[in-house]
Amino acid sequence: MTGVILEGLSKRFGPVTAVDDVDIRVADGSFVCLLGPSGCGKTTLLRMIAGLEEPSAGRILIDGVDISRVPAHRRDFGMVFQTLALFPHLNVGDNIAYPLSIRGVSPAARGKRVAELLELVRLPGFADRPITRLSGGQRQRVAIARALALSPRLFLLDEPLSALDAKLREAMQVELRQLQERLAVTTIVVTHDQREAMTMADIVVVMGDGRVHQAGSPIDIYRNPTDAFVASFIGSTNLIAARPGDAGAVVPGGLIPGLTIPPGGASVSVRPEDIAIVDPASAPIRGRATFVRDLGASIEIFIECDGTGLIAAATRRERHDVKAGAEVGIAVAADHCVVLRP
Amino acid sequence: MKRQSPGRAADYLPLAFPAAMLTLFFVVPFGTMVAVSFFRRVQGSFYEPAFVLDNYARFLSIFFGSVLGFSILLAAMVALICVSVGLPFTYLLSRLPRRLQVGWLVGLLAILSLSEVIIGFAWSTLFSRTAGISNLFAELGLLSAPVSLTPGFGAVLTGMVYQAFPYTVLVLYAPVARLDPSLAEAARTLGASPMRAFFNLIVPTLRNAIVATVILVFVFALGSYLLPQILGRPQHWTLSVLITDQAIYQSNLPFAAAMAIFLVLVSLALVGLALLLVRRAAV
Numbered sequence: 001m002t003g004v005i006l007e008g009l010s011k012r013f014g015p016v017t018a019v020d021d022v023d024i025r026v027a028d029g030s031f032v033c034l035l036g037p038s039g040c041g042k043t044t045l046l047r048m049i050a051g052l053e054e055p056s057a058g059r060i061l062i063d064g065v066d067i068s069r070v071p072a073h074r075r076d077f078g079m080v081f082q083t084l085a086l087f088p089h090l091n092v093g094d095n096i097a098y099p100l101s102i103r104g105v106s107p108a109a110r111g112k113r114v115a116e117l118l119e120l121v122r123l124p125g126f127a128d129r130p131i132t133r134l135s136g137g138q139r140q141r142v143a144i145a146r147a148l149a150l151s152p153r154l155f156l157l158d159e160p161l162s163a164l165d166a167k168l169r170e171a172m173q174v175e176l177r178q179l180q181e182r183l184a185v186t187t188i189v190v191t192h193d194q195r196e197a198m199t200m201a202d203i204v205v206v207m208g209d210g211r212v213h214q215a216g217s218p219i220d221i222y223r224n225p226t227d228a229f230v231a232s233f234i235g236s237t238n239l240i241a242a243r244p245g246d247a248g249a250v251v252p253g254g255l256i257p258g259l260t261i262p263p264g265g266a267s268v269s270v271r272p273e274d275i276a277i278v279d280p281a282s283a284p285i286r287g288r289a290t291f292v293r294d295l296g297a298s299i300e301i302f303i304e305c306d307g308t309g310l311i312a313a314a315t316r317r318e319r320h321d322v323k324a325g326a327e328v329g330i331a332v333a334a335d336h337c338v339v340l341r342p
Numbered sequence: 001m002k003r004q005s006p007g008r009a010a011d012y013l014p015l016a017f018p019a020a021m022l023t024l025f026f027v028v029p030f031g032t033m034v035a036v037s038f039f040r041r042v043q044g045s046f047y048e049p050a051f052v053l054d055n056y057a058r059f060l061s062i063f064f065g066s067v068l069g070f071s072i073l074l075a076a077m078v079a080l081i082c083v084s085v086g087l088p089f090t091y092l093l094s095r096l097p098r099r100l101q102v103g104w105l106v107g108l109l110a111i112l113s114l115s116e117v118i119i120g121f122a123w124s125t126l127f128s129r130t131a132g133i134s135n136l137f138a139e140l141g142l143l144s145a146p147v148s149l150t151p152g153f154g155a156v157l158t159g160m161v162y163q164a165f166p167y168t169v170l171v172l173y174a175p176v177a178r179l180d181p182s183l184a185e186a187a188r189t190l191g192a193s194p195m196r197a198f199f200n201l202i203v204p205t206l207r208n209a210i211v212a213t214v215i216l217v218f219v220f221a222l223g224s225y226l227l228p229q230i231l232g233r234p235q236h237w238t239l240s241v242l243i244t245d246q247a248i249y250q251s252n253l254p255f256a257a258a259m260a261i262f263l264v265l266v267s268l269a270l271v272g273l274a275l276l277l278v279r280r281a282a283v
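Read top to bottom, the protein sequences are chains A and B.
Count the first sequence with the numbering used here and you get residues 1 to 342, in order.
Count the second sequence with the numbering used here and you get residues 1 to 283, in order.
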């Protein structure tokens, strides 16, 4: 069995359980994002994979070999730290060559490999620059080049882009993904930014409270969240309490026709763009607009239906002339709804 | 932000207080000492104002030269031992849980509250033949019979290292604690063993702090005059011991002042040299 397998991995710090019985399979060459709010255990999980924390329970298998007790410096993984951890007393070239010099690579071969890596991260000719003279984006690239110097079996990144400004971050997300595809290196990234995860990942693993809530492709997680935590963490969503009815799901202010709800009721997740604004006279759900946020490219309409607040998003093309305070009718198609696990 | 240069005399007013304190408590006493070093000693009395170079001339003998050399060597050894033990110690200390760190630091600070005399007599008891640690070694079979370890060079060195060690840790603690822990972790993920990461990364990153600490402990040890007398033989006496002897027991203040000034100049020169070497290595 090739790839990376985490089996029942747990980490306890005293009474606190940071990572709780995590099972993940990462196929060779895939790009996995560990996504979750801060304190959800995603960084601890990554540090266990890197060998910087010892698991309290469970195993880490690489191509079927248990490496849970192998010290970090014998794992041969490349890791990019949140602080980047570039060595301030060494220049760019020496930073990248550091892992090579530890392995006893000859100076000539080292120089060649450094030039190759700098080419790869688009910083050709930067070898002699001191680290202190680089911009944030350039440091980022140096940290990536250094982590890739030994062509690692596994490439780990801990919030690698969090120090960059928004524009540069978006550009680096695309670049990082392209780099990973070119090298076909198995990659695990920790992030709290769902946009970043959606941009880069083959598989998104949503974590909360040390547990894996859901793992799957970004679009699958967006379309079919299994619980309220995932639904609200990935993109924005409306969580509506629904009860089973004769013609569909009974929701505050009306009905979603054709939607089956288990007896006892359940939460239904509906994305703002899936809520259609219709004529109030014939609408299945009626409510009142409380606020209209016109962002230019899209319009968000805040609607109150029988005490429950909803947000409907419309594009510029289907601009509705809804004003705050007006009565509005909305319709939700049953196949746009996700009935969440309680 | 543009910094405005002070224009009127009133702009310099905030400097008046520190300037006055410096003048009163540093410039005046030091100036007095410089002046006294050129005065003539009156045998059987004290000294009279004059301008003679006798005090400096007397100093340029093989005896005082070798005492100076020994003092510098001793201080340098104390500084190097303190820092080479203190740096790994402080590094490991900074990785401990907060509660343990505080415990260790309080213990080290407690040493500072001990008087030099107490430290001296404690070590001289500890190194003695009748009641010292050699009895323990003899009991354990490491030695055939208890021996006296004091007075001797080893005893002087141990006592001075003991006295200077808390300062070393206190000075190193802040920069070591501020160090980004992911530096060492990054080195480990890149294949460096913990030991290698320490020498390849922690030491060079902290180079400035290390040099500053070596200089501080060196200067501190250079001024020690009680421990060499309590734990050493006369050949282990430092220049500071001789200065004390001249100033207090021989009532030869001009000569004591001359030696003190010479010591200040030599240590300033050494500190300057060390900084120069470090700066050159940095380029």
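Heads up, some of the hints might be wrong.
[Stated by the list, open to error] If we take Cβ atoms under 8 Å as the criterion, some of the chain A residues that face chain B in the derived model are: (1) A72; (2) H73; (3) M79; (4) P99.
Hints were generated in silico from the structure; no laboratory data involved.
Quick reminder that beta carbons are idealized off the backbone N, C-alpha and C, glycines included.
To see whether the hints hold, each was checked on the structure:
For A72 (chain A), the interface hint holds, since its Cβ comes within 8 Å of a Cβ in chain B; the closest pair sits about 4 Å apart. For the restraint placing H73 (chain A) at the interface with chain B, the shortest Cβ-Cβ distance is roughly 5 Å, inside the 8 Å limit, so the hint holds. Restraint check, M79 (chain A) versus chain B: the minimum CB separation of about 4 Å is within 8 Å; hint holds. The interface hint given for P99 (chain A) holds, since its Cβ lies 4 Å from the closest Cβ of chain B, which is under the 8 Å cut-off.
Of the numbered hints given earlier, the model fails none.
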